[in-house]
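Asker: Construct the entire structure; sequences and hints are all you get.
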Amino acid sequence: MQQELEIIKQKVINCTKCDLCKTRTNSVPGKGNFHSDVIFVGEAPGRNEDEKGEPFVGVAGTKLSIALDEAGISRESVYITNIVKCRPPKNRVPNTNERNTCQEYLKQEI
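Mapped onto our numbering, the consecutive letters of the sequence shown carry residue numbers 1 to 110.
Hints are not guaranteed to be accurate.
Quick list of the computed label-pair ranges, beta carbon to beta carbon [unchecked claim]:
{"id": "1", "residue 1": "71", "residue 2": "92", "range": "25 to 33 Å"}
{"id": "2", "residue 1": "25", "residue 2": "62", "range": "16 to 24 Å"}
{"id": "3", "residue 1": "72", "residue 2": "16", "range": "35 to 43 Å"}
{"id": "4", "residue 1": "62", "residue 2": "36", "range": "15 to 23 Å"}
{"id": "5", "residue 1": "16", "residue 2": "73", "range": "29 to 37 Å"}
{"id": "6", "residue 1": "70", "residue 2": "97", "range": "33 to 41 Å"}
{"id": "7", "residue 1": "90", "residue 2": "7", "range": "16 to 24 Å"}
{"id": "8", "residue 1": "95", "residue 2": "72", "range": "13 to 21 Å"}
{"id": "9", "residue 1": "72", "residue 2": "97", "range": "36 to 44 Å"}
{"id": "10", "residue 1": "65", "residue 2": "91", "range": "37 to 45 Å"}
{"id": "11", "residue 1": "72", "residue 2": "25", "range": "30 to 38 Å"}
Calculated pairs, DMTMM-like style, for lysine to aspartate or glutamate (alpha carbon to alpha carbon, straight line, at most 20 Å) [unchecked claim]:
{"id": "12", "residue 1": "22", "residue 2": "54"}
{"id": "13", "residue 1": "31", "residue 2": "104"}
{"id": "14", "residue 1": "63", "residue 2": "19"}
{"id": "15", "residue 1": "9", "residue 2": "76"}
{"id": "16", "residue 1": "90", "residue 2": "4"}
{"id": "17", "residue 1": "52", "residue 2": "6"}
{"id": "18", "residue 1": "31", "residue 2": "19"}
{"id": "19", "residue 1": "9", "residue 2": "54"}
{"id": "20", "residue 1": "31", "residue 2": "51"}
{"id": "21", "residue 1": "31", "residue 2": "54"}
{"id": "22", "residue 1": "107", "residue 2": "43"}
{"id": "23", "residue 1": "17", "residue 2": "104"}
{"id": "24", "residue 1": "11", "residue 2": "69"}
{"id": "25", "residue 1": "17", "residue 2": "6"}
{"id": "26", "residue 1": "107", "residue 2": "54"}
{"id": "27", "residue 1": "31", "residue 2": "69"}
{"id": "28", "residue 1": "11", "residue 2": "51"}
{"id": "29", "residue 1": "63", "residue 2": "51"}
{"id": "30", "residue 1": "31", "residue 2": "76"}
{"id": "31", "residue 1": "22", "residue 2": "51"}
{"id": "32", "residue 1": "11", "residue 2": "104"}
{"id": "33", "residue 1": "52", "residue 2": "76"}
{"id": "34", "residue 1": "22", "residue 2": "43"}
Hints are computed from structural coordinates only; laboratory data are not their basis.
All C-beta atoms in this analysis are idealised placements derived from N, C-alpha and C, irrespective of residue type, glycine included.
Answerer: Listed below in structure tokens is the structure:
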């Protein structure tokens, strides 16, 4: 399974299937425990995620980490990803084409 996750990650990193690849700093593949029964799926990466290439590392990620800690769950024990793997310009909502283009990656992650 870990090898499958690495293949998905590399596909996301190298993806040029939609125009978001032209404006991103980094694509943002999912991260965490691929065998987890718990998966958190956000809409799209924000500025911090785009800079670091990791999901939920900005304000929302901090809130998620706090909530997980309060529930006694380690962040490393869950899987975290987004519907769209690249940040839309000006943090706009991803359009239908962008969501559909990334849909196969999400299905593979799930």
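Asker: Taking the hints in turn, state whether each one holds.
Answerer: Going down the list of hints, with the structure as the test:
The given range of 25 to 33 Å is respected by residue 71 and residue 92, whose C-beta atoms sit roughly 32 Å from each other. About 20 Å separates the C-beta atoms of residue 25 and residue 62, a value consistent with the hinted range of 16 to 24 Å. A C-beta distance of roughly 41 Å is found between residue 72 and residue 16, which places it inside the suggested range of 35 to 43 Å. For residue 62 paired with residue 36, a C-beta distance near 20 Å keeps the hint of 15 to 23 Å intact.
The supplied range of 29 to 37 Å is met by residue 16 and residue 73, whose beta-carbon atoms lie about 36 Å from each other. Restraint check, residue 70 to residue 97: a C-beta distance of roughly 38 Å satisfies the suggested window 33 to 41 Å. The given range of 16 to 24 Å is broken by residue 90 and residue 7, whose C-beta atoms sit roughly 32 Å from each other. Remark: the range hint 13 to 21 Å for residue 95 to residue 72 is contradicted by a beta-carbon distance near 38 Å.
Distance hint check for residue 72 and residue 97: the Cβ-Cβ separation is about 40 Å, which falls inside the suggested range of 36 to 44 Å. Range check, residue 65 to residue 91: Cβ separation about 21 Å, and the 37 to 45 Å hint is violated. Evaluation of the 30 to 38 Å hint for residue 72 and residue 25 yields a pass: the beta carbon distance comes to about 34 Å. Using a Cα cut-off of 20 Å, the hinted pair residue 22 and residue 54 holds, with the two alpha carbons roughly 18 Å apart.
Restraint check for residue 31 and residue 104: satisfied, since their Cα atoms lie roughly 16 Å apart, inside the 20 Å limit. A C-alpha spacing of about 30 Å is found between residue 63 and residue 19, which places the hinted pair above 20 Å, so the restraint is violated. At roughly 17 Å between alpha-carbon atoms, residue 9 and residue 76 fall within 20 Å of each other, so this suggested pair holds. At roughly 32 Å between alpha-carbon atoms, residue 90 and residue 4 are farther apart than 20 Å, so this suggested pair is violated.
Taking the CA atoms of residue 52 and residue 6, the gap is near 17 Å; set against the 20 Å cutoff, the hint holds. Using a Cα cut-off of 20 Å, the hinted pair residue 31 and residue 19 is violated, with the two alpha carbons roughly 23 Å apart. Taking the CA atoms of residue 9 and residue 54, the gap is about 11 Å. The hint holds against a cut of 20 Å. Between the alpha carbons of residue 31 and residue 51 the distance comes to roughly 15 Å, so the proposed pair stays at or under 20 Å and holds.
Restraint check for residue 31 and residue 54: satisfied, since their Cα atoms lie roughly 7 Å apart, inside the 20 Å limit. Under the criterion of a C-alpha separation no larger than 20 Å, the hint pairing residue 107 with residue 43 is consistent with the structure, at around 14 Å. Straight-line distance between C-alpha atoms of residue 17 and residue 104 comes to about 12 Å, which keeps the hinted pair within the 20 Å bound. Restraint check for residue 11 and residue 69: not satisfied, since their Cα atoms lie roughly 31 Å apart, outside the 20 Å limit.
Proximity of residue 17 to residue 6 is assessed by CA-CA distance (about 19 Å); at most 20 Å being required, the pair is judged to hold. For a cut-off of 20 Å, the pair hint linking residue 107 to residue 54 stands: about 19 Å separates their Cα positions. Taking the CA atoms of residue 31 and residue 69, the gap is near 17 Å; set against the 20 Å cutoff, the hint holds. For the hint linking residue 11 to residue 51, the alpha-carbon distance of about 18 Å falls within 20 Å, and the restraint holds.
Distance restraint check for residue 63 and residue 51: the Cα-Cα separation of roughly 19 Å lies within the 20 Å cut-off, and the hinted pair is therefore satisfied. Distance check on the hinted pair: residue 31 and residue 76 sit about 9 Å apart at the alpha-carbon level, within 20 Å; holds. Among the hinted pairs, residue 22 with residue 51 is consistent with the structure: their alpha-carbon atoms are about 14 Å apart, no more than 20 Å. Between residue 11 and residue 104 the alpha-carbon distance is near 11 Å, which keeps this suggested pair within the 20 Å criterion.
Among the hinted pairs, residue 52 with residue 76 is consistent with the structure: their alpha-carbon atoms are about 17 Å apart, no more than 20 Å. A threshold of 20 Å between alpha carbons decides the hint, and for residue 22 with residue 43 the separation of about 19 Å falls inside it, so the pair holds.
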